[in-house]
Amino acid sequence: MKPEKALIFEMSRPGRVAYSLPECDVPEIDAASVIPSELLRGKPAELPEVYEVDVIRHYTELSRRNFGVDNGFYPLGSCTMKYNPKINEDVARFAGFAKIHPYQPEESIQGALELLYTLQNDLAALTGMDQVTLQPAAGAHGEWTGLMLIRAYHESRGEHRMKVIVPDSSHGTNPASATVAGFETVTIKSNERGMVDLDALRAAVGSDTAALMLTNPSTLGLFEEQIVEIAKIVHDAGGLLYYDGANSNAIMGIARPGDMGFDVVHLNLHKTMSTPHGGGGPGAGPVGVKSKLTPFLPKPIVSRREDGTYYWDTDRPQSIGRVKAFYGNFGILVRAYTYIRTYGPDGLRRVSECAVLNANYMMHRLAPYYEVAYPGVCKHEFVLSGKRLKAYGVRTLDVAKRLLDFGYHPPTIYFPLNVEESIMIEPTETESKDTLDAFIDTMIRIAKEAETDPQLVLNAPYSTVVKRLDETTAARKPVLNCTCG
Amino acid sequence: MSEVREHLVYSEEHEWAETVEGQVVRVGITDYAQSQLGDIVFVELPELGASVLAGDSMGSIESVKTVSELYSPVSGKVLKVNGDLIDQPELLNGEPYEGGWIAEVEVEGSVEEALGKLLSATKYQTLIE
Numbered sequence: 001m002k003p004e005k006a007l008i009f010e011m012s013r014p015g016r017v018a019y020s021l022p023e024c025d026v027p028e029i030d031a032a033s034v035i036p037s038e039l040l041r042g043k044p045a046e047l048p049e050v051y052e053v054d055v056i057r058h059y060t061e062l063s064r065r066n067f068g069v070d071n072g073f074y075p076l077g078s079c080t081m082k083y084n085p086k087i088n089e090d091v092a093r094f095a096g097f098a099k100i101h102p103y104q105p106e107e108s109i110q111g112a113l114e115l116l117y118t119l120q121n122d123l124a125a126l127t128g129m130d131q132v133t134l135q136p137a138a139g140a141h142g143e144w145t146g147l148m149l150i151r152a153y154h155e156s157r158g159e160h161r162m163k164v165i166v167p168d169s170s171h172g173t174n175p176a177s178a179t180v181a182g183f184e185t186v187t188i189k190s191n192e193r194g195m196v197d198l199d200a201l202r203a204a205v206g207s208d209t210a211a212l213m214l215t216n217p218s219t220l221g222l223f224e225e226q227i228v229e230i231a232k233i234v235h236d237a238g239g240l241l242y243y244d245g246a247n248s249n250a251i252m253g254i255a256r257p258g259d260m261g262f263d264v265v266h267l268n269l270h271k272t273m274s275t276p277h278g279g280g281g282p283g284a285g286p287v288g289v290k291s292k293l294t295p296f297l298p299k300p301i302v303s304r305r306e307d308g309t310y311y312w313d314t315d316r317p318q319s320i321g322r323v324k325a326f327y328g329n330f331g332i333l334v335r336a337y338t339y340i341r342t343y344g345p346d347g348l349r350r351v352s353e354c355a356v357l358n359a360n361y362m363m364h365r366l367a368p369y370y371e372v373a374y375p376g377v378c379k380h381e382f383v384l385s386g387k388r389l390k391a392y393g394v395r396t397l398d399v400a401k402r403l404l405d406f407g408y409h410p411p412t413i414y415f416p417l418n419v420e421e422s423i424m425i426e427p428t429e430t431e432s433k434d435t436l437d438a439f440i441d442t443m444i445r446i447a448k449e450a451e452t453d454p455q456l457v458l459n460a461p462y463s464t465v466v467k468r469l470d471e472t473t474a475a476r477k478p479v480l481n482c483t484c485g
Numbered sequence: 001m002s003e004v005r006e007h008l009v010y011s012e013e014h015e016w017a018e019t020v021e022g023q024v025v026r027v028g029i030t031d032y033a034q035s036q037l038g039d040i041v042f043v044e045l046p047e048l049g050a051s052v053l054a055g056d057s058m059g060s061i062e063s064v065k066t067v068s069e070l071y072s073p074v075s076g077k078v079l080k081v082n083g084d085l086i087d088q089p090e091l092l093n094g095e096p097y098e099g100g101w102i103a104e105v106e107v108e109g110s111v112e113e114a115l116g117k118l119l120s121a122t123k124y125q126t127l128i129e
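Just so you know, the protein sequences line up as chains A and B, in that order.
1 is the number of the first residue of the first sequence in UniProt numbering; add one for each residue after it.
1 is the number of the first residue of the second sequence in UniProt numbering; add one for each residue after it.
Simulated from the structure, these hints should not be mistaken for lab results.
It is possible that some hints are incorrect.
What the hints assert, rightly or not - Straight-line Cα separation of at most 20 Å, EDC-like style, residue types lysine to aspartate or glutamate; simulated pairs: (1) A/5 x A/52; (2) B/77 x B/21; (3) B/65 x A/61; (4) A/232 x A/208; (5) A/448 x A/437; (6) A/467 x B/39; (7) A/477 x B/104; (8) A/390 x B/3; (9) A/189 x B/12; (10) A/390 x B/104; (11) A/477 x B/87; (12) A/390 x B/129; (13) A/477 x B/44; (14) B/65 x A/471; (15) A/387 x B/90; (16) A/467 x A/405; (17) A/477 x B/62; (18) B/80 x B/104; (19) A/387 x B/129; (20) A/448 x A/471; (21) A/189 x B/56; (22) A/477 x B/84; (23) A/163 x B/56; (24) B/65 x B/90; (25) A/5 x A/61; (26) B/123 x B/112.
Unchecked claim - In silico contact screen, one side only, chain A against chain B (beta carbon under 8 Å); selected entries: (27) 85; (28) 414; (29) 417; (30) 471; (31) 472; (32) 476.
Said to hold, decoys possible - For each label pair, taking beta carbons as the anchor points, the in silico distance ranges come out as: (33) A/159 x B/79: 30 to 40 Å; (34) B/69 x A/364: 51 to 61 Å; (35) B/79 x A/55: 52 to 62 Å; (36) A/455 x B/55: 35 to 45 Å; (37) A/187 x B/79: 22 to 32 Å; (38) A/325 x B/21: 32 to 42 Å.
Cβ coordinates follow ideal geometry from the N, Cα and C atoms, glycine included.
Modelling step: build the complete structure from the supplied sequences, incorporating the hints.
Set out below in structure tokens:
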């Protein structure tokens with residue numbers, strides 16, 4: 001592959017075309033007769049003029065520089081980069097799902113409504129919640145929606161509670177979502193086992209506590225065993241418990257946030273339910289709540305009449321309103337529904353069991369070479385520390401770069417923050433033992449290289465289109481305009 | 001090995017403080033803090049004139065690895081901020097105790113008492129070991 005790649009604009013030559021538009025099937029109107037002149041372009045847009053074959057080659061080559069789950073193993077901790085079964089894509093392309101319009105009358109889209117209704121109920125059953133909204137378009141959007149529900153709940157009771165508590169091991173989106181939702185965040189430290197420090201929590205809660213946001217299993221891949229006590233402390237202070245569903249892949253069919261005492265849950269369908277990780281594309285972050293919060297859910301919700309027909313339930317006077325145009329990213333919801341139906345309840349439990357088994361297998365094989373941050377049994381992911389290699393001048397970043405040479409997407413590094421030189425690995429359930437072993441062997445090889453030939457690791461990667469990037473200069477002095485051509 | 005300067009006092013959140021004159025205290029982050037953060041690429045400075053409380057966030061520091069809160073080691077009013085850090089955040093890495101200072105705070109009440117609550121160089125050295 002060539003390292004430098006011309007932009008499609010630089011390939012433009014006057015008169016070259018790559019399109020053939022179908023004949024217009026509506027009467028042609030002059031744009032100037034319907035659009036105010038100040039909104040019309042003075043001169044044609046400078047679109048690239050290129051042949052079709054050059055367009056295809058250009059974008060095909062760029063696409064080959066991408067790395068995705070379909071290319072190789074992607075053990076990015078906290079992100080659940082599982083394989084996305086292709087049956088999800090087949091079903092999402094069914095005409096009854098792909099060729100409908102949100103303004104169609106209800107009676108003509110009963111199948112789509114039934115799918116949404118069933119998915120709402122399935123996710124509620126899986127999380128132990130009473131009602132679910134499918135509107136939020138991403139995990140962080142779900143977090144924000146959940147926090148707005150919590151706010152509406154407290155306000156309906158005449159309480160002004162503006163503090164949201166987050167543990168220091170929480171996902172960065174938690175404090176960010178709380179801030180965007182208008183709350184003040186209070187961070188509490190974890191104890192030496194990486195769990196919530198109950199004394200710190202007791203000291204932090206009060207009459208101003210709106211909620212505690214928590215993942216369970218935690219970011220460290222550990223099940224928070226004190227969860228019942230935690231729920232009691234927060235509830236006794238009048239606050240609510242928010243469950244960040246980022247780590248649900250560890251507990252499906254085994255434990256439910258609703259049973260642990262959580263009041264609000266969001267799920268990342270692109271993690272647990274095998275819908276594509278967007279890369280800016282459509283996502284979905286459904287939110288489930290306990291009954292005391294259902295009046296505030298975004299409207300509409302899909303409901304079912306006694307005669308078995310489905311409808312958009314908009315008669316929800318206490319609703320916080322819409323959080324997304326139309327009804328969420330429907331095509332993504334179809335994929336999640338397909339995944340759930342493909343596995344069924346027993347299959348989903350098996351998904352979580354295998355995700356946990358794979359993580360523990362890897363952790364135990366890697367333990368002699370990279371220190372395990374919190375020894376014991378992990379859930380779906382685990383955190384290693386690369387600090388042993390610092391003696392050879394090699395850091396976690398260098399290990400990650402060297403992994404690129406072997407065709408792997410590196411694990412998450414330098415997160416969580418409370419582990420020095422952290423390496424966070426989440427293999428997921430969809431990988432074979434062969435894949436796991438090959439990755440483990442590579443990690444061991446790199447640890448040995450760091451000892452015997454540290455320069456080899458420090459100068460990696462060697463096989464990629466671009467070598468070691470100067471991330472510091474890129475962040476300090478970013479070049480945001482193309483200065484070529 | 002991170003440098004700890006004898007004449008400064010330190011917070012557990014890895015900030016240093018020293019009296020400039022009278023009620024005015026200069027604050028920054030320690031050599032240890034900058035080495036943990038890695039290359040710093042952006043600093044969100046405290047607001048001039050803002051009231052800050054000891055232990056509360058007064059800004060943030062972004063490195064290639066992470067974004068961290070900047071906590072004020074003392075309570076008072078922000079008198080000055082180091083504007084050089086906007087264009088040269090690398091000063092925080094290169095000279096955290098000199099050109100990389102972050103703000104000057106006019107301390108409320110007794111300076112001696114405010115600084116007395118912080119850690120001595122010896123105690124801070126023990127903390128980071």
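Hints and how they fare:
no.: 1; hint: A/5 x A/52; result: 18 Å, holds
no.: 2; hint: B/77 x B/21; result: 15 Å, holds
no.: 3; hint: B/65 x A/61; result: 30 Å, violated
no.: 4; hint: A/232 x A/208; result: 16 Å, holds
no.: 5; hint: A/448 x A/437; result: 16 Å, holds
no.: 6; hint: A/467 x B/39; result: 19 Å, holds
no.: 7; hint: A/477 x B/104; result: 27 Å, violated
no.: 8; hint: A/390 x B/3; result: 19 Å, holds
no.: 9; hint: A/189 x B/12; result: 13 Å, holds
no.: 10; hint: A/390 x B/104; result: 36 Å, violated
no.: 11; hint: A/477 x B/87; result: 9 Å, holds
no.: 12; hint: A/390 x B/129; result: 15 Å, holds
no.: 13; hint: A/477 x B/44; result: 16 Å, holds
no.: 14; hint: B/65 x A/471; result: 10 Å, holds
no.: 15; hint: A/387 x B/90; result: 24 Å, violated
no.: 16; hint: A/467 x A/405; result: 10 Å, holds
no.: 17; hint: A/477 x B/62; result: 14 Å, holds
no.: 18; hint: B/80 x B/104; result: 5 Å, holds
no.: 19; hint: A/387 x B/129; result: 14 Å, holds
no.: 20; hint: A/448 x A/471; result: 26 Å, violated
no.: 21; hint: A/189 x B/56; result: 15 Å, holds
no.: 22; hint: A/477 x B/84; result: 15 Å, holds
no.: 23; hint: A/163 x B/56; result: 14 Å, holds
no.: 24; hint: B/65 x B/90; result: 14 Å, holds
no.: 25; hint: A/5 x A/61; result: 9 Å, holds
no.: 26; hint: B/123 x B/112; result: 18 Å, holds
no.: 27; hint: 85; result: 34 Å, violated
no.: 28; hint: 414; result: 4 Å, holds
no.: 29; hint: 417; result: 6 Å, holds
no.: 30; hint: 471; result: 5 Å, holds
no.: 31; hint: 472; result: 4 Å, holds
no.: 32; hint: 476; result: 5 Å, holds
no.: 33; hint: A/159 x B/79: 30 to 40 Å; result: 38 Å, holds
no.: 34; hint: B/69 x A/364: 51 to 61 Å; result: 36 Å, violated
no.: 35; hint: B/79 x A/55: 52 to 62 Å; result: 59 Å, holds
no.: 36; hint: A/455 x B/55: 35 to 45 Å; result: 44 Å, holds
no.: 37; hint: A/187 x B/79: 22 to 32 Å; result: 27 Å, holds
no.: 38; hint: A/325 x B/21: 32 to 42 Å; result: 59 Å, violated
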